[in-house]
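Chemist: Residue strings, one per chain:
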Amino acid sequence: MAEVSLGRALNRALRDALAADPDVLVYGEDVGPLGGVFRVTDGLTAEFGEDRCFDSPLAESGIVGTAVGMAMYGHRPVVEMQFDAFAYPAFQQVVSHVAKMRNRTRGRVALPIVIRVPYGGGIGAVEHHGDSSETYYAHTPGLRVVTPATPADGYSMLREAIACPDPVVFLEPKRRYWATEDVELPVRTAPMDQAVVRRPGRDATLIAYGPTVDTALLAAEAAAEEGREVEVVDLRSLAPFDDATVTASVRRTGRAVVVHEASAFAGYGAEVAARVTERCFHYLEAPVLRVAGLDIPYPPPRLEEYHLPSVDRILAAIDRLQWEAAWVPRPEAARSDGGAAADTGPAHRLEVGA
Amino acid sequence: MTTSDAPGSPADPAHLLPSLEPVRLIDPDGTRAAPEAGAGFALPEPAVLLALLRAMVVGRRFDRQADALARQGRLAVYPSSHGQEACQVGGVLALAETDWLFPTYRDCVSLVTRGVDPVEVLTLLRGDWHSGYDPARHRCAPQCTPLATNASHAVGLTYAARRKGEDVAALVLMGDGATSEGDAHEAYNFAAVWNTPVVFLVQNNQWAISVPLRRQSAAPTLAHKAVGYGMRGYHVDGNDAAAVHAVVSRALAEARAGAGPALVEARTYRIDPHTNSDDPRRYRDDSEVDHWRRRDPVARLEALLRREGRLDDAGHRAMVDAADRLAISVRERIARLGGPRPEELFDHVYAAPTAPLRGQREEVRAWAEARRAARAGAPAADTGEEV
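Protein chains in written order, with full-length UniProt numbering: chain A, 1 to 354; chain B, 1 to 387.
Do not rely on the hints blindly, as some may be mistaken.
[Claimed, not checked] In silico DMTMM-like pairs for lysine to aspartate or glutamate, Cα to Cα no more than 20 Å straight-line:
(1) B:LYS164 with A:GLU50
(2) B:LYS164 with A:ASP21
(3) B:LYS164 with B:GLU97
(4) B:LYS164 with A:ASP51
[What the hints assert, rightly or not] FRET-style restraints, in silico, Cβ to Cβ:
(5) B:PRO356 with A:GLU50: 36 to 44 Å
(6) B:ARG281 with A:ALA125: 50 to 58 Å
(7) B:GLN72 with A:PRO191: 46 to 54 Å
Hint data in this document are derived by calculation from the structure and do not stem from the laboratory.
All C-beta atoms, glycine included, are put in the ideal place defined by N, C-alpha and C.
With the rest of the complex left out, here is chain A (with noise of 0.2 Å):
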């Protein structure tokens, strides 16, 4: 076992990728010598040479453009968006061709290109560096979108995207890129459309992703301090969406917290809430509450702290869980006390972000 970060696991995973398989190419803006801005693509054209890893023109939707053809043409071409805010020239060709090629030719023409976003904010980083664009990707059918919160998830979902017959738009938290996780690589993980439980608990559920997971695993953490056991699920993939793994959860606590840096208003918490709201709404102790983004544009780095979901935040939210009575009983309290509990408890109050 040896410590490994986020950045390094992903750069193993695209060496072992090219290793493998000749039709993978790997380009980009600044991925060939220079090993990509935050170091991902590093030593990958000294060691498969330029035919394999290289530098493009600087133009996203040329990039992902070409990497449309070159996967009509038998390739499994994984492009690099520099920054997530630098990808949105290229949103017409994802959005458009990418997501819709198999469609479009009634499964003809399948399109397994990998596109990377280093994606969210919490580096410091001045305005078009932060932004978590993630909904835009999830709410467009025939995408993959997922995002690892782990190094060995890094490794593992990076390799899974790549041999994937989907397009795979694979999202890496750049704040998580140095966070250090101890294990062996190649490792194999979940498979990646699954959500996984990172703690288990029996008071509440945070829905997690990406960025979010370590925040909400501290949160737990600190929540346990007080008493209060908190289950931490991590969605890995955004879409498809894993109802089973959270429904599960949900379930099993009666209360969850959806924890993301993008912007609360029609963000993908929006979707979280209202699948969870669907499927246990009879399980529920209090509405399903989000820690998102504030509903600004991604603020100067030295105020984004007030914008990042944080500790305090989520313990402030799963202090609002509603624990002083349950406003609506569990179906087995409401057949053992025959409905009694039912109108018991405070007004039903919607609540949105901190």
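Since the structure of chain A is already known, use the hints to place chain B on it.
Modeler: Here is chain B on its own, set in the frame of chain A:
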């Protein structure tokens, strides 16, 4: 081409520049153009000219049939390429079988010329599915609706083919409006930097729906844009099938030989409305259309071949008969087509349906069954009238 020995100094781009006058091999009246109008290009062999005419006769008949089907409500929409047959046919017949074609929604005739089943070509416009043909089988990408976005696909595909050691060039069809898109710029640049064998054939039909070329571009010609990318530009008479074929053939041959991609601007004209939903009288004058009708590409090549004794009435009759047979077959087969299956909506979203999609598929299957049952109890559906 002159090149300075000083490192980093630019090469003289003169060899990349297009001619200001479009290359023309046949005059509008069907006589051979003066040699200077041909700018060094030779008239193709008679067999090629006859193939071009045959494909244009068939293509125009198909186009007229599809237009009629749209007006009868049997197609959801039809964007006609009437008047642009020389571009549709001249470009495609210059391709080798192993090459790829990247057409737009206006390029149905190019697909028919390529040998795609015309009924499969019309799948998109009938509204049955987005693309009806197998791209790999015909080496034709799906028809592209968002402008210029398929140009970079051709760059990537030819790049990938070269990596596999295969000699594959690509022809991208685009319109004058599409050259204003950022994706055109990115594709031209990628193709030139990567030196991929792609020919971008811009059918400058003068109108992007209602916007005339003068509001689209201030370039001397659209072909002049090529030089900025270090790419060869060609300017050709888009109503002269012989010239389009000759220019695209040379551009493809040069690209295969490693001279890089090329941008070919073919000056032509969209005789019909943008689609059957458009009203061109709101933005252009009929006299302009009449001017271009007199420069008809099909009549021009027919006149040359007759004048030079390569085509007689019987030969022409055979082409027209083949065109009629194709049109009748398209009409009859379209009339017999059933509707698409609602369950298929879920079949091609992912390689395997996801759990949420399996649930939705089941719901739609139940609705579809209920509707089929209701229809079974009702009088038989009207299958439509003869065209």
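Chemist: Look at each hint and say if it fits the structure.
Modeler: Hints versus structure:
A hinted pair counts as satisfied when its Cα atoms are at most 20 Å apart, and LYS164 of chain B with GLU50 of chain A qualifies at roughly 15 Å. Between LYS164 of chain B and ASP21 of chain A, the direct Cα distance comes to roughly 13 Å. Compliance with the 20 Å bound is thereby established for this hinted pair. In summary, the hint linking LYS164 of chain B to GLU97 of chain B is supported, as the alpha carbons are separated by about 17 Å, within the 20 Å threshold. The hinted pair formed by LYS164 of chain B and ASP51 of chain A meets the criterion: a straight-line CA distance of about 11 Å does not exceed 20 Å.
The hinted range of 36 to 44 Å is satisfied by PRO356 of chain B and GLU50 of chain A, whose Cβ atoms lie roughly 42 Å apart. The supplied range of 50 to 58 Å is met by ARG281 of chain B and ALA125 of chain A, whose beta-carbon atoms lie about 55 Å from each other. Against the hinted window of 46 to 54 Å, the Cβ-Cβ separation of GLN72 of chain B and PRO191 of chain A comes to about 51 Å, which satisfies the hint.
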